[in-house]
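Novice: As a plain string of letters, each chain reads:
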Amino acid sequence: MTGQILPGARSDGSAWSVGAVGGAVAPGCGSSGGVRCVGGGVGGIGASPVRPDGALKVRGEFAFSSDLWADDMLWGATLRSPHPSATIRGIDVGAALAVPGVYAVLTADDVPGDRHYGLEVADQPVLAVDEVCYRGEPVAIVAADHPETARRAAERIVVDYGVREPVTDPEVALAGGRLVRHVPIRKGDPAAVAEVVVTGEYRVGMQDQAFLGPESGLAVPAPDGGVELYVATQWLHADQRQVAAALGLPVELVRLSLAGVGGAFGAREDLSMQVHASLLALRTGRPVKMVYGREESFVGHVHRHPAILRYEHGATRDGELVYVRARILLDGGAYTSTTPAVVANAASLGVGPYRVPNVTVDAYGVHTNNPPCGAMRGFGAVQACFGYESQMDRLAEAVGLDPVEVRVRNALAEGGSMPTGQVVEGPAPVARLLELVRDRPAPPPVGDDPRQLPGGVANTTAPEQVVRGVGYAIGIKNVCFSEGFDDHATARVRLELIGGEPTALVHTAAAEVGQGLVTVQAQIARTELGVERVVVATADTSVGSAGSSSASRQTYMTGGAVRAACRAVRAALLARLAGGSGAGADDGGVADDGGAVGDGGVVGDGGTVGDGGGRVAGGGLELAGGVIRDAAGRTLGTLVDLLAAGPVERSVRWRHRPTRPLDPVTGQGDAHVQYAFAAHRATVDVDPELGLVRVVEIATAQDVGRAINPQAVLGQIQGGTAQGLGLALMEELQVVDGVIRNPSFTDYLIPTILDVPPMAVDVLELADPHAPYGLRGVGEPPTISATPAIVAAIRAATGLPLARVPVRPEHLTGTG
Amino acid sequence: MRIDCVVNGEPRRADDVWAGESLLHVLRERLGLPGAKNACEQGECGSCTVYLDGKPVCACLVPAGQARGREVVTVEGLGDGDLHPVQRAFIAAGAVQCGFCTPGLIVAVHDLLARTPSPAEEEIREALAGNLCRCTGYEKILTAVRLAAGREHES
Amino acid sequence: MRPFDYTAAQSVSQALAGGGAGTAYLAGGTTLVDLMKLEVMTPRQVVDINRLPLRGVSADRDGLHVGALERMSDVAGHPLVTGGYPVLAQALLRSASPQLRNMASIGGNLLQRVRCGYFRDTSTGCNKRRPGSGCPAVDGENRGHAILGTSDSCVATHPSDLAVALVALDARVRLVGRGGTRDVRLADFYLLPGDTPEREHDLRPGELVTRVTVPALAWATRSAYLKIRDRQSYEFALASAAVALDLRGGVVRDVRVAVGGVGTRPWRLPAVEEALRGRAARPEVFEAAAALAVEAARPLTHNGFKTTLLRRTIVRALTNLVG
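First to last, the sequence lines map onto chains A, B and C. Heads up: the first sequence runs through residues 1 to 816, numbered per the working numbering. Heads up: the second sequence runs through residues 1 to 155, numbered per the working numbering. Heads up: the third sequence runs through residues 1 to 323, numbered per the working numbering.
None of these hints come from the bench; they were simulated from the model.
Cross-link-like lysine to aspartate or glutamate pairs, in silico, EDC-like; alpha carbons within 16 Å at most:
{"no.": "1", "chain 1": "C", "residue 1": "Lys-37", "chain 2": "C", "residue 2": "Asp-5"}
{"no.": "2", "chain 1": "C", "residue 1": "Lys-37", "chain 2": "A", "residue 2": "Glu-295"}
{"no.": "3", "chain 1": "C", "residue 1": "Lys-37", "chain 2": "A", "residue 2": "Glu-296"}
{"no.": "4", "chain 1": "C", "residue 1": "Lys-37", "chain 2": "C", "residue 2": "Asp-121"}
{"no.": "5", "chain 1": "C", "residue 1": "Lys-37", "chain 2": "A", "residue 2": "Glu-155"}
{"no.": "6", "chain 1": "C", "residue 1": "Lys-37", "chain 2": "A", "residue 2": "Glu-148"}
{"no.": "7", "chain 1": "B", "residue 1": "Lys-55", "chain 2": "B", "residue 2": "Glu-71"}
{"no.": "8", "chain 1": "B", "residue 1": "Lys-55", "chain 2": "C", "residue 2": "Asp-74"}
All figures in this text were calculated on a predicted structure; none of them were measured in a lab.
Chain A on its own, in the form it takes in the complex:
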């Protein structure tokens, strides 16, 4: 394949895979689960060292945000609007204040600073001011000495609402001008014609991130008038900025520490209880803990945008795409959140990883009084993929090609251009990923064990009542933030002797949400500094922002920052080696490292890549195992000696190369940092009589550029695929007249272990020349194409058009 191969990278652009059934434990590299290590030293890049927080988590001793405790602490509770739309004529808190054990009852009038917050637009009230725009919107907060007291007191608050008719239909909202953003894409000829035309309208229901750890945290008032906030979040500094603004405090007085995060998937990017707990803590002078219940959690965070997608694909009789026209409508709910970014993703990725000469896409995000929607794994790309992949199957049928062939024929490749005009740089193995899943041996036919049939343990189905179907899909996702956003991550790395042993301390504000970021940071430090012992400090705001744990960006950005800081440490060590006396050992400032140096280490640091060797800048020196050697292998110095003069510490703020905005009329622009691709093949057994579906196997092929931690890469692929399966078969928030009617795990169904089949995974490592170590973001792609692959398989088994997800039994049996 083409693509720049970096020195030190694996030159065969290799693939590795994990089988589906009975994944045997493979030896080597201290890992298990059928993973073949791809190189790297003990615990360095490419290995799968055990995660540093694993022991605490299995013991139940890991401190999640809901496990925090402080002496003297109070509990907070939130009063929320029962109406999707209403004015607030008055709030009477008297009865609540009178409840014994209550220490504070606060409303919007008690917000000392900015009364509105938001990630992109500050339009969301900390506490409702004179109206409420969605059911569940926070109106007042209470602090009391027992959570039940706080809750009961909140119920005693009397709010005089002027109920209004809510706007709940996004089409009505669009027609009424309640537009958040419109992103048009215009490429080529808007009036292009084609011999074969297929159209379709598709719908994606409202999915929820459904992380297990409830929104929670602890706010502790500080002697300096500020507040220390321990919270589960995806972006400490965005929280800090918004909390400080709401509290009317300088940012330095609002100090955040990351408490243990029980999953995120986008739902923790927006604020939940951060300002509320801080307000109560500052008012009462006592620590305040807030923990949402599950029902409250469902209204307490943003959801995936439900979507209506209309597509028209025009192609030649040979199945080559001539044009794609699409109209995508996303219901953003009551407040802006990250709707602008979701709309841009849906638009710019809206035709999929295909070569299309003529593209006309209009993507809209609108305001309604439905629950607010925002970031969820794959945001915008998930919805679009269901649309365009459903279309590709219709096209295949129309031109008489098989579904993989029609995709391969139109596959994007390196050097191809997106509908936005951006050229895809670096490997884009669209065709190869499809071929990998296609060529996997098919899973064995259904056997006699009833538990392996649709309906499973419910013993509904015999083998002869089953129809098998196979479906394919491929998706594309942008990695990192886009459209010219100045995204950066900061890392502070300190190398010193502790107990006589060189030890690296890595400190970033990057939110570990379960993905294994703490492990990756340590691996990078091990490889770059040639040390074994690495401590990753708790993420907090005493170090610069790492940006959000979202958009599959953290290994790229925080990994890039850690690498850059390590290289700065190496350079300082080199200076000591060359005779520097140790001056400058503690560089208090943060060096900016952006652009060229950030690109996979190709330029500016002596041509090293830092792959499994940690070569020191300049002259082919090597730092490994605590020893510096020259190219001939002679020892020039040891870390123990060099660090005897004191620690070396460097901080670097690292940026990816810049992106550009999308032109507001044509949608043209180099808006994305990186593209990532994954393909799926789903095999389902359907009982068409009873409408039951069992996914027999789901195979994924994904290019991850460089697997920093193979075991964690698999974990992301498997977990993302399961979330895509959930959207395909069972996950939907039922919103009726603006009210979520199923805010519980009884009725909002996520897959159990009986729903998720064995998963086969093929991983490609085709280096991205612009990314640290050549890596590609991993977390989102597997969720994107899993959904349409499963639906395609059900269509193959039943012949039904199935234009909506999730697919329910009645869609297969008939609604009559």
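Starting from the structure of chain A, add chains B and C where the hints point.
Specialist: The following block gives chains B and C in isolation, referenced to the frame of chain A:
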């Protein structure tokens, strides 16, 4: 009210417990054992799974009063100082991502392997059907169970 | 959760003495604690009855007896049940989750409340929870609701799988109260909602369910419980069927059919049984009989699919039993 029970082998007492508190709340907020988790508190996710008189239950639906005089074992009590083979298997297999489901799963797996030392694939899935995980897609959890079964089988 | 007093009864008589309006009996807690947290149920007194001697699974001439405090998991695995009445074991194992089955009692399972989202949401009206306050489900979110036995006042489905299997087997419950002991046919024990959906059972205030008896039925060894749901496990039924078949030489000598997930109470189908008795065990016979099940069905806006699904579920259950 006062609740006296045995937790992880030790007699424990909680005073001033409200009648409406669950065993989960008592363990987490009064007895300093936050291992069992509060993902839903409605018996719909299994994150609060603990042993009650030797049977895995959802602690969130056990009223505090019902725990009087009973024996409770939480994830914190499985290791006996060291890590239990099930716990070691979860780490080695990469079955821990965010970790919120982990304590409940470890108790459920511990129970499964105590009853069925070499469970078949479908038996494992059925036994763990009451434990939701949102991060892993369950694959590595299954690997962990096989790993633990293998180790336990050896010893 | 509202404040309440918790006491534990040491004997049946003590439990009965403590019973009455405002008191709830606590067994496994999986229904009561859940609904108390939602404040759907707000007893001022909770009497824990777990120490009462209402355990045991035994069989005699009269049939199979199961103590009301037996746990679902223990009953599901009991050899008398798995050997003699597989439909009961299957119904139990297809309910809930392993943890919940370890906690929940047989009596509690039979007395569990409906899963209707409006019933469980105290911010809405609900005739069952607050008589006279209306039924939002009739015109609202009703995909999971009933097509049989509904009224203008209530359309909620009865959620117990075990109850469906027991009703198919003509089970009886023993009730003990201050006025004495009585046995009631389980099918009669459950009430239709009519105008009084708040009255779900023929259970007088202060009465306790002490045991369930399934009349001896030798051919119940050929029985099964089939459950259709939205995911593979840990979910209530969209439709279900409990079937027992006395099959000789390809002819249905006798049969029991009851269905769940579709009725406001477990729904025995005597007309379907009648249409099967003495007939050949063939698909067209099953289909003609199953069609009778939905003759009286009244679908709602979102659950019309249950009509088709129910017919097919019955046919499949019978077909699978014939094997």
